[in-house]
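> The lines below spell out each chain.
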Amino acid sequence: MEKKEYDAVILGGGLAGLMAANITASAGFSVAVVSKVFPTRSHSSAAEGGIAAYIKDNSDPNDDPDFMSYDEVKGGDYLVDQDAAELLSAKSGEIVHILDSWGAPFNRQPDGRIALRYFGGQTYPRTRFVADKTGMALLHTLFEHATGLKNIDFYNEYYVLDIVKEGKDVNGLVAMEMKTMDPIYLKSRALLIASGGLGMIYKHTTNSYINTGDGYGIALRSGVALKDPEFVQFHPTGLYPSDILISEAARAEGAILKNNKGERFMARYAPHKFDLAPRDIVSRSMTIEIREGRGFEGGYLGLDLTHLGREYIMDRLSLAYDAAKTFSGVDATEEMIPVRPAQHYFMGGIDVDITGTNHDLNGIFAAGEAACVSVHGANRLGSNSLLETLVYGRETGNAMVNFLKSHKSMESNSNVDSIINTAYSYIKRETGEHFGTLLNELRDIMWDNVGVFRDQKKLEEAVRKISDLRKRSLNMYVTDKSNNYNTEAFNAFETRNMLDVAFAISSAALNRKETRGAHYRDDYPNRDDDNWMKHTITYLGDNEIKITYKPVNYTRWKPEPRVY
Amino acid sequence: MEEKEITVNIKKYNENDGAFWKSYKVKADRYTQMTEVLRRIKTEQDPSLSYRASCHMAVCGSCAMKINGVPSLACKTMAFKATDEKNEINLESMDYYKEVRDLIPDIDTFYDRMYKALPGLAADEEVIAGKAEQRMLPEEQKEVWQFQGCIYCGLCVSACPSVKEDEKFLGPAAHAKGYRYIADDRDTKKEERINTLMDSAWRCTSCYMCYEVCPQDVQPVIAIKKTKSYLNDYRGPETDVIAMARKHDNAILELINDTGKIKESSLYLKTFGLGEAIKDSVNMLRSGKIKYAFTKDNDVKNINEIKKIMGDKK
Numbered sequence: 000m001e002k003k004e005y006d007a008v009i010l011g012g013g014l015a016g017l018m019a020a021n022i023t024a025s026a027g028f029s030v031a032v033v034s035k036v037f038p039t040r041s042h043s044s045a046a047e048g049g050i051a052a053y054i055k056d057n058s059d060p061n062d063d064p065d066f067m068s069y070d071e072v073k074g075g076d077y078l079v080d081q082d083a084a085e086l087l088s089a090k091s092g093e094i095v096h097i098l099d100s101w102g103a104p105f106n107r108q109p110d111g112r113i114a115l116r117y118f119g120g121q122t123y124p125r126t127r128f129v130a131d132k133t134g135m136a137l138l139h140t141l142f143e144h145a146t147g148l149k150n151i152d153f154y155n156e157y158y159v160l161d162i163v164k165e166g167k168d169v170n171g172l173v174a175m176e177m178k179t180m181d182p183i184y185l186k187s188r189a190l191l192i193a194s195g196g197l198g199m200i201y202k203h204t205t206n207s208y209i210n211t212g213d214g215y216g217i218a219l220r221s222g223v224a225l226k227d228p229e230f231v232q233f234h235p236t237g238l239y240p241s242d243i244l245i246s247e248a249a250r251a252e253g254a255i256l257k258n259n260k261g262e263r264f265m266a267r268y269a270p271h272k273f274d275l276a277p278r279d280i281v282s283r284s285m286t287i288e289i290r291e292g293r294g295f296e297g298g299y300l301g302l303d304l305t306h307l308g309r310e311y312i313m314d315r316l317s318l319a320y321d322a323a324k325t326f327s328g329v330d331a332t333e334e335m336i337p338v339r340p341a342q343h344y345f346m347g348g349i350d351v352d353i354t355g356t357n358h359d360l361n362g363i364f365a366a367g368e369a370a371c372v373s374v375h376g377a378n379r380l381g382s383n384s385l386l387e388t389l390v391y392g393r394e395t396g397n398a399m400v401n402f403l404k405s406h407k408s409m410e411s412n413s414n415v416d417s418i419i420n421t422a423y424s425y426i427k428r429e430t431g432e433h434f435g436t437l438l439n440e441l442r443d444i445m446w447d448n449v450g451v452f453r454d455q456k457k458l459e460e461a462v463r464k465i466s467d468l469r470k471r472s473l474n475m476y477v478t479d480k481s482n483n484y485n486t487e488a489f490n491a492f493e494t495r496n497m498l499d500v501a502f503a504i505s506s507a508a509l510n511r512k513e514t515r516g517a518h519y520r521d522d523y524p525n526r527d528d529d530n531w532m533k534h535t536i537t538y539l540g541d542n543e544i545k546i547t548y549k550p551v552n553y554t555r556w557k558p559e560p561r562v563y
Numbered sequence: 000m001e002e003k004e005i006t007v008n009i010k011k012y013n014e015n016d017g018a019f020w021k022s023y024k025v026k027a028d029r030y031t032q033m034t035e036v037l038r039r040i041k042t043e044q045d046p047s048l049s050y051r052a053s054c055h056m057a058v059c060g061s062c063a064m065k066i067n068g069v070p071s072l073a074c075k076t077m078a079f080k081a082t083d084e085k086n087e088i089n090l091e092s093m094d095y096y097k098e099v100r101d102l103i104p105d106i107d108t109f110y111d112r113m114y115k116a117l118p119g120l121a122a123d124e125e126v127i128a129g130k131a132e133q134r135m136l137p138e139e140q141k142e143v144w145q146f147q148g149c150i151y152c153g154l155c156v157s158a159c160p161s162v163k164e165d166e167k168f169l170g171p172a173a174h175a176k177g178y179r180y181i182a183d184d185r186d187t188k189k190e191e192r193i194n195t196l197m198d199s200a201w202r203c204t205s206c207y208m209c210y211e212v213c214p215q216d217v218q219p220v221i222a223i224k225k226t227k228s229y230l231n232d233y234r235g236p237e238t239d240v241i242a243m244a245r246k247h248d249n250a251i252l253e254l255i256n257d258t259g260k261i262k263e264s265s266l267y268l269k270t271f272g273l274g275e276a277i278k279d280s281v282n283m284l285r286s287g288k289i290k291y292a293f294t295k296d297n298d299v300k301n302i303n304e305i306k307k308i309m310g311d312k313k
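Those protein sequences? They're chains L and F, same order as listed. Per numbering that gives the first Met the number 0, the very first residue in the first sequence carries number 0; after that it's consecutive. Per numbering that gives the first Met the number 0, the very first residue in the second sequence carries number 0; after that it's consecutive.
Check before you lean on any hint, since a few could be wrong.
As the list claims (entries may be wrong) - Mimicking DSS-like on lysine-lysine, the simulated pairs with C-alpha atoms at most 25 Å apart in a straight line are:
id: 1; chain 1: F; residue 1: K141; chain 2: F; residue 2: K167
id: 2; chain 1: L; residue 1: K533; chain 2: L; residue 2: K512
id: 3; chain 1: F; residue 1: K26; chain 2: F; residue 2: K97
id: 4; chain 1: L; residue 1: K407; chain 2: L; residue 2: K456
id: 5; chain 1: L; residue 1: K480; chain 2: F; residue 2: K269
id: 6; chain 1: F; residue 1: K163; chain 2: F; residue 2: K24
id: 7; chain 1: F; residue 1: K262; chain 2: F; residue 2: K300
id: 8; chain 1: L; residue 1: K324; chain 2: F; residue 2: K141
id: 9; chain 1: F; residue 1: K130; chain 2: L; residue 2: K178
id: 10; chain 1: L; residue 1: K149; chain 2: F; residue 2: K21
id: 11; chain 1: F; residue 1: K26; chain 2: L; residue 2: K324
id: 12; chain 1: F; residue 1: K188; chain 2: F; residue 2: K97
id: 13; chain 1: F; residue 1: K26; chain 2: L; residue 2: K149
id: 14; chain 1: L; residue 1: K55; chain 2: F; residue 2: K97
id: 15; chain 1: F; residue 1: K141; chain 2: F; residue 2: K260
id: 16; chain 1: L; residue 1: K456; chain 2: L; residue 2: K533
id: 17; chain 1: L; residue 1: K202; chain 2: F; residue 2: K24
id: 18; chain 1: F; residue 1: K278; chain 2: F; residue 2: K300
id: 19; chain 1: F; residue 1: K290; chain 2: L; residue 2: K324
id: 20; chain 1: F; residue 1: K307; chain 2: F; residue 2: K278
id: 21; chain 1: L; residue 1: K202; chain 2: F; residue 2: K26
id: 22; chain 1: L; residue 1: K178; chain 2: L; residue 2: K257
id: 23; chain 1: F; residue 1: K75; chain 2: L; residue 2: K202
id: 24; chain 1: L; residue 1: K178; chain 2: F; residue 2: K189
id: 25; chain 1: L; residue 1: K545; chain 2: L; residue 2: K557
id: 26; chain 1: F; residue 1: K141; chain 2: L; residue 2: K202
id: 27; chain 1: L; residue 1: K324; chain 2: F; residue 2: K97
id: 28; chain 1: L; residue 1: K3; chain 2: L; residue 2: K167
id: 29; chain 1: F; residue 1: K189; chain 2: F; residue 2: K224
id: 30; chain 1: L; residue 1: K480; chain 2: F; residue 2: K290
id: 31; chain 1: L; residue 1: K90; chain 2: F; residue 2: K115
id: 32; chain 1: F; residue 1: K141; chain 2: F; residue 2: K188
id: 33; chain 1: L; residue 1: K324; chain 2: F; residue 2: K130
id: 34; chain 1: F; residue 1: K65; chain 2: L; residue 2: K149
id: 35; chain 1: F; residue 1: K26; chain 2: L; residue 2: K178
id: 36; chain 1: L; residue 1: K178; chain 2: F; residue 2: K260
id: 37; chain 1: L; residue 1: K480; chain 2: F; residue 2: K26
id: 38; chain 1: F; residue 1: K163; chain 2: F; residue 2: K189
Because the hints were derived from the structure by calculation, they are not lab data.
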């Protein structure tokens with residue numbers, strides 16, 4: 000088996016991974032970026048609306064970083080670590096400047112400065128954007144910058160199997176080249192998990208097909224904790240019926256949600272912010288409207304852009320227009336776009352501190368959606384995911400550099416063989432269950448039982464069924480025995496990861512007996528600060544999820560009712 | 000929603016069996032994307048079916064393939080619209096690239112071309128140091144964004160006839176990328192970019208296949224034409240192609256100055272010379288197209304007005 004050694008190995012070639020790679024490589028360390036796709040295919044490219052940033056001398060004159068942090072804290076329903084939010088706001092302007100200097104073509108104001116617009120939950124407009132393909136523009140900018148650096152090697156279309164460790168020390172990872180199915184041991188002192196989200200565990204999601212929660216599964220199996228996994232965001236405007244994202248930018252630019260009576264129903268749920276209330280609130284309101292019979296046949300509502308005018312729509316919301324036209328046959332300049340909530344983002348993630356460092360193992364870091372730094376708390380605001388990937392990608396890159404300066408390489412590869420043998424066992428087995436059967440069942444359970452509205456009964460059933468699916472998955476087998484680009488094998492590995500993280504999500508959701516942000520319990524409809532103002536920490540045990548807690552970090556804002 | 004059963008014929012490939020066609024019956028409705036059709040086949044009928052797909056909204060460029068012979072993104076193709084009168088759809092791996100497995104080709108050559116186009120902004124040092132702010136007018140941002148829209152899907156290169164004939168031609172996508180930085184006034188190495196791209200740009204035959212197949216409407220051929228217009232700023236080696244380009248440019252100027260028109264046959268003669276022209280007339284004679292070389296083409300009447308404009312331009 001091939002073996003290569005680097006100072007740092009980064010799992011994931013999206014914005015967080017590439018930002019950290021840039022920082023680590025620029026400090027003189029050798030870096031391997033490993034991704035199951037070519038980096039520009041990463042889900043960062045699908046981010047549409049923009050990146051929030053307070054830029055001195057180029058923001059609303061009344062705005063300042065404290066307002067921005069406050070918006071994040073309130074938007075996250077007070078489960079936000081406030082030091083993390085303050086850091087995110089403080090560095091936002093710098094990050095936009097860096098991306099601009101690397102070539103990001105941000106939309107401009109007439110005087111040539113970077114333009115800005117409102118997004119949900121913002122007191123003042125702060126979102127910077129490149130039309131409505133901001134993620135793609137930033138990802139390409141960062142990738143093109145990274146390919147110019149000498150000490151980054153890209154392992155594109157390599158699937159990561161598991162972490163190699165010696166006791167509590169990380170010693171790299173084992174990956175498989177997808178084209179040849181050959182395993183490779185990438186040995187390293189530092190390992191960054193920046194593998195993005197998990198949307199594919201839900202039947203309805205705006206996420207890419209590749210978002211299969213690989214990093215979470217790998218972390219859980221190595222004894223690394225996930226923080227706050229019960230918090231899953233449902234985006235209000237998934238296009239009906241394909242669940243393609245219609246950006247919040249549409250509502251930011253003036254689009255209005257309407258029910259089958261033509262009512263602007265958000266006026267009833269969020270009398271001040273209307274359609275631009277945070278996503279959890281809008282998604283819940285929409286689900287209630289549909290549930291109470293005020294949706295359209297098939298179960299959707301209307302997003303009305305028609306009053307914005309054709310020219311404005313084409314200039315600022317071309318992707319939304321194209322998506323509605325191509326995928327739902329609707330001309331948004333003349334008719335309402337059919338929308339319904341769909342899974343969109345995972346607020347939970349690998350438990351890391353404000354530097355992106357995890358403390359369950361030495362040398363393991365996480366950034367981006369894979370991580371939970373607790374800047375989003377119980378609900379993420381729009382435009383903050385791109386910002387988080389870059390700000391915390393950079394912070395984590397710096398933390399890795401510091402770590403590498405003081406930690407030496409060690410000789411050991413104790414669990415390499417067992418990682419490979421487990422992976423091959425799916426292919427060698429001649430009978431059992433297909434990944435597709437397990438996966439389709441999982442996606443139904445998560446959508447029906449661990450969705451927008453939850454309760455004890457639904458969640459108990461989910462935990463029981465997922466536990467059962469995990470047992471059945473031990474017998475998972477791959478019909479395709481070939482060793483060139485055997486995607487069936489990779490789907491089986493992905494299914495294993497999805498089952499592990501779904502187990503953590505449903506168990507934590509069952510455990511948290513209150514309503515907060517995106518976690519809404521019909522049986523506990525109120526926030527309970529006395530008992531639940533704390534982070535959930537989940538570890539994977541023998542067919543059980545072990546739960547402990549960590550305190551929320553306060554600096555200045557005390558919890559108050561969350562009204563929009 | 001009304002569903003109907005469609006037949007999907009897929010050209011599969013693996014190292015042991017080579018290429019072979021396999022058919023699947025799938026239920027779809029009028030909103031079903033081809034990526035979803037593939038997902039259904041894979042999870043319900045043939046788990047071994049291999050293809051690339053990621054964002055399913057035409058921004059990641061993963062699912063490029065030939066659908067009914069046309070280079071397309073599977074996600075952007077709706078199943079119903081793609082079926083023929085027999086209710087069938089044919090899927091194949093893209094042309095030009097080496098087959099690896101089923102609908103997955105090896106497109107490393109595409110990426111190599113992109114890297115050769117010098118992607119990445121070289122900003123001013125003051126800006127990199129955080130001491131200065133870059134400004135950019137909205138019109139300029141629009142021009143850059145037009146060509147930055149490339150999603151690395153590889154369709155244009157697979158469809159480009161020049162790429163297949165001429166190994167020194169970088170191909171459409173790389174030129175869109177290259178020109179995107181030439182057009183960006185924040186960049187500090189415009190000269191190097193022009194010198195890198197010019198010879199290749201003049202190898203394009205302007206057939207517009209890239210324009211046709213690009214799922215993002217990037218219009219690479221337009222980027223190539225715009226790059227060509229920097230010919231007078233080119234300071235690289237005087238290759239045969241550059242020499243031809245200069246003759247071509249001069250011939251156009253001369254023709255417009257003298258006749259007020261671009262006369263295609265004269266332009267051809269002036270650019271490529273008598274030797275090439277004789278060889279090609281033999282070919283034209285053989286294919287019965289020689290009559291086009293003698294199409295009558297009158298001069299513009301008010302030629303003095305044109306000369307005045309041309310004089311101003313000089």
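> Hint by hint, note whether the structure agrees.
Hints, verified against the model:
no.: 1; hint: F/K141 with F/K167; result: 30 Å, violated
no.: 2; hint: L/K533 with L/K512; result: 12 Å, holds
no.: 3; hint: F/K26 with F/K97; result: 31 Å, violated
no.: 4; hint: L/K407 with L/K456; result: 51 Å, violated
no.: 5; hint: L/K480 with F/K269; result: 61 Å, violated
no.: 6; hint: F/K163 with F/K24; result: 35 Å, violated
no.: 7; hint: F/K262 with F/K300; result: 15 Å, holds
no.: 8; hint: L/K324 with F/K141; result: 23 Å, holds
no.: 9; hint: F/K130 with L/K178; result: 46 Å, violated
no.: 10; hint: L/K149 with F/K21; result: 44 Å, violated
no.: 11; hint: F/K26 with L/K324; result: 22 Å, holds
no.: 12; hint: F/K188 with F/K97; result: 35 Å, violated
no.: 13; hint: F/K26 with L/K149; result: 49 Å, violated
no.: 14; hint: L/K55 with F/K97; result: 51 Å, violated
no.: 15; hint: F/K141 with F/K260; result: 32 Å, violated
no.: 16; hint: L/K456 with L/K533; result: 23 Å, holds
no.: 17; hint: L/K202 with F/K24; result: 22 Å, holds
no.: 18; hint: F/K278 with F/K300; result: 34 Å, violated
no.: 19; hint: F/K290 with L/K324; result: 46 Å, violated
no.: 20; hint: F/K307 with F/K278; result: 37 Å, violated
no.: 21; hint: L/K202 with F/K26; result: 18 Å, holds
no.: 22; hint: L/K178 with L/K257; result: 48 Å, violated
no.: 23; hint: F/K75 with L/K202; result: 20 Å, holds
no.: 24; hint: L/K178 with F/K189; result: 38 Å, violated
no.: 25; hint: L/K545 with L/K557; result: 30 Å, violated
no.: 26; hint: F/K141 with L/K202; result: 37 Å, violated
no.: 27; hint: L/K324 with F/K97; result: 34 Å, violated
no.: 28; hint: L/K3 with L/K167; result: 21 Å, holds
no.: 29; hint: F/K189 with F/K224; result: 16 Å, holds
no.: 30; hint: L/K480 with F/K290; result: 61 Å, violated
no.: 31; hint: L/K90 with F/K115; result: 34 Å, violated
no.: 32; hint: F/K141 with F/K188; result: 20 Å, holds
no.: 33; hint: L/K324 with F/K130; result: 44 Å, violated
no.: 34; hint: F/K65 with L/K149; result: 36 Å, violated
no.: 35; hint: F/K26 with L/K178; result: 31 Å, violated
no.: 36; hint: L/K178 with F/K260; result: 55 Å, violated
no.: 37; hint: L/K480 with F/K26; result: 28 Å, violated
no.: 38; hint: F/K163 with F/K189; result: 28 Å, violated
Violation of the numbered hints given earlier is confined to hints 1, 3, 4, 5, 6, 9, 10, 12, 13, 14, 15, 18, 19, 20, 22, 24, 25, 26, 27, 30, 31, 33, 34, 35, 36, 37 and 38; the remaining hints are satisfied by the structure.
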